[in-house]
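Colleague: One letter stands for each residue in the lines below.
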Amino acid sequence: MRKLLLAVMIGLFVASGALAADGPIKIGFYNCLTGQNAFGGQLELEGAQLAVAEIPEVLGRKIELVVVDNKSDKVEAANAVTRLIERDRVNAIVGTYGSSLAMAGGEVAEVAGIPVMGTSCTNPLVTLNKKYYFRACFIDPFQGAGGATYAVKNLGFKKAALLTDIANDYSVGLSNFFKAAFVRLGGEIVSEMNYQSGDQDFTAQLTEIISKKPDIVFLPAYFAEGAVVLKQARELGATFIFMGGDAMDNPEVVTLGGEAVEGFLHTTFAYDPSMKDMNPVAQKFTDTWKAAHPDKDPNVNAALGYDACMLIVDAIKRAGSAEPDKIRDALEQTKDVPTVTGLTTMNATHDAEKELGIVEIRGGKKQFIGTVKPEV
Amino acid sequence: MSLNMFIQNFINALGLGSLYGLIAIGYTMVYGILRLINFAHGDIFMLGAYFMFFATIRYKLPWAVGVLLAIAGSTICGLLVDRIAYRPLRSAPRISALISAIGVSFFLESLATVLFTGMPRAVLQPEWLMQPMLIRDGGIRLMPLGIMVPVISFILVGALLWVVHKTKPGLAMRSISFDIETTRLMGVSVDKIIALTFALGSALAALAGIMWALRYPRVEPFMGMFPGFKAFIAAVFGGIGSIPGAMIGGLTLGFVEIMSIAFFPTLSGYRDAFAFVLLIVILLVKPTGLMGEKLEEKI
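For the record, the sequence lines run as chains A and B.
Residue numbering for the first sequence follows this note's numbering, beginning at 1 and increasing consecutively.
Residue numbering for the second sequence follows this note's numbering, beginning at 1 and increasing consecutively.
Simulated from the structure, these hints should not be mistaken for lab results.
Every residue gets a Cβ at the ideal spot worked out from N, C-alpha and C, and that includes glycine.
Be aware that one or more of the hints could be misleading.
Among chain A residues calculated to face chain B with C-beta under 8 Å, some are [said to hold, decoys possible]:
(1) T34
(2) G35
(3) F142
(4) G198
(5) T207
(6) E208
(7) S211
(8) D215
(9) A224
(10) K231
(11) L236
(12) I241
(13) P251
(14) T255
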């Protein structure tokens, strides 16, 4: 019954859309603007705002960004998408940081038939069997394998430990993919420890890991938690290297972690303000960002927020229409579109195919070390 | 498990447990006197940590001054919460005060999000507290903070017990917990004594907030939620209404959380499950908690 009602509402929406063809094209934006992932969500919002400021019009119609906070909460994420679709009647949606949140929001968008472009939600399940969910980022099997490849081939490490947030789909997924690749490349997993989102004491897990003497600890945490883990690890005398995923890619990791994050490695998208020879889109993005926010550096979240909006605008242009279904069809055809994070192609599972970068924290700053080709 | 590892885990558990205990005392004191679960307690704890952050990081005040300001600020907030949200409901059904407490908790969290933004912030950790001492050839690392947290917690419990059992206001507190009306007839200014209880509880919450932020160096508007829940459980566990019970409950919870991981590393994801199973077992065997008094007497 609810589905039927929703279908009727969507029908009305499409009809009203056709009548008011000259109104603005609304791009909904749902993300973590408060709560534990607020840092990432906020940067993605600022990136998206830059994109809309840069392209205020497409097909002769104004573009309007409708922003809703999902409070880093799964229930709120579903509510946010419902609100964007039912109340604000958006043509397409961008969001969100956090795979768990994207999965919650994705269910709603799928039923309503509104295309969504994910920003940094990298768990494979986000777009699995979804007709309307796409993403501007690569996925975790690729990223996990890339981290393991770098640890084994470039650093020559043999023994790894895992510290996973078992209440977080992103963290669990990434850990599994790292583990599979690390073992396949001849490494050994010496310890697998878990915690839950919201935990603040990691001393017991770290004491156990330290006793197993790994070369590297894979920590697919969000950066605010990750920074606290790194601090506690150093306080307990840990000397091994930590490696994280793209969720650790945030300038604040240094502010929160201080000296403890020195030498920390993470896989991420092939963009960082510290990288040399940027592609032209990245260069332009960096310059506009610096002009708009002179006091802080952009990061991959900002870049992906920007890219996600640009990919939707690109699809609207190619479709020649802002109808949700036409946008969806055009998004599926995205091929070699130059974006901040490299040439982007949508593959059959709606995931962006692009390069993987490695970043290390040196002297209190993020340093882009280079790209790696994961041995998947 | 090697001896070094066990001792290291013991130190960690003692630190975590005594913090839970310190927060739990705030719940237990208010409950003991008013039969009210003060859900805003975890948020006063959060405010204490934030006051410390603003004093030391924003305004660069000396650390000790920051501690005093944070305690003063939280005490004022605690008194305001009592005056505005609880005192008008003193004669209302108990459930109304409980709902009011939940409301205050949400209000403080949202207010902090609006005022301080939802972003986690780093806090100042003074060098002298963080310099690790190596024991047994570096097998065990102990920071001055690791000693300070339990020692201060135990001193505070002792001081509080003295206040409650040996002073006049303490006598009044105990009297209110038996019968509020009779106490009033005895010429005790009940509202003042209750305000004093909130002031003491809030000051303890602020201290716990400061020490928590030293151990887990990050402040954010929702930082009081999880420790608050855990401490509330610790209070129930130890027997709500009993001050030594709250401390024992907090320590037990801290030890179960840490030691369950230390002894069963493969089950580290079930840390909270261990703690709650223990809670359920204790409550089944002794429904009033470890140190709890019989409820019939009080109602």
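Colleague: A separate judgement is required for each hint: does it hold in the structure or not?
Modeller: Comparing the hints with the structure gives:
The beta carbon of T34/A comes within 3 Å of a beta carbon in chain B, closer than 8 Å, and the hint placing it at the interface holds. Look at G35/A: its Cβ gets to within about 6 Å of chain B, closer than 8 Å, so that hint holds up. A hinted interface residue such as F142/A counts as satisfied when its beta carbon comes closer than 8 Å to some beta carbon of chain B; here the least separation is about 26 Å, so the hint is violated. Because the smallest distance between the Cβ of G198/A and any Cβ of chain B comes to about 5 Å, under 8 Å, the interface hint for this residue holds.
Interface hint at T207/A: satisfied, since its Cβ lies 5 Å from the closest Cβ of chain B, which is below the 8 Å cut-off. Given the 8 Å rule on beta carbons, the hint for E208/A holds: about 5 Å separates it from the nearest Cβ of chain B. Taking 8 Å as the C-beta cut-off, the interface hint given for S211/A holds, the closest approach to chain B being about 5 Å. Interface restraint check for D215/A: the shortest CB-CB distance to chain B comes to about 19 Å, outside 8 Å, so the restraint is violated.
Here the hint on A224/A is kept, as its CB sits about 4 Å from the closest CB of chain B, short of 8 Å. Contact between K231/A and chain B, as hinted, is supported at the beta carbon level, the nearest pair being about 6 Å apart and thus within 8 Å. The beta carbon of L236/A is positioned within 8 Å of a beta carbon in chain B (closest approach about 6 Å), and the interface hint is therefore held. The criterion of a C-beta within 8 Å of any C-beta in chain B is not met by I241/A, whose closest approach is roughly 19 Å, and the hint is violated.
Interface restraint check: P251/A against chain B, minimum CB-CB distance 12 Å, threshold 8 Å, status violated. Given hint, T255/A at the interface with chain B, holds; its Cβ is 5 Å from that chain's nearest Cβ, closer than 8 Å.
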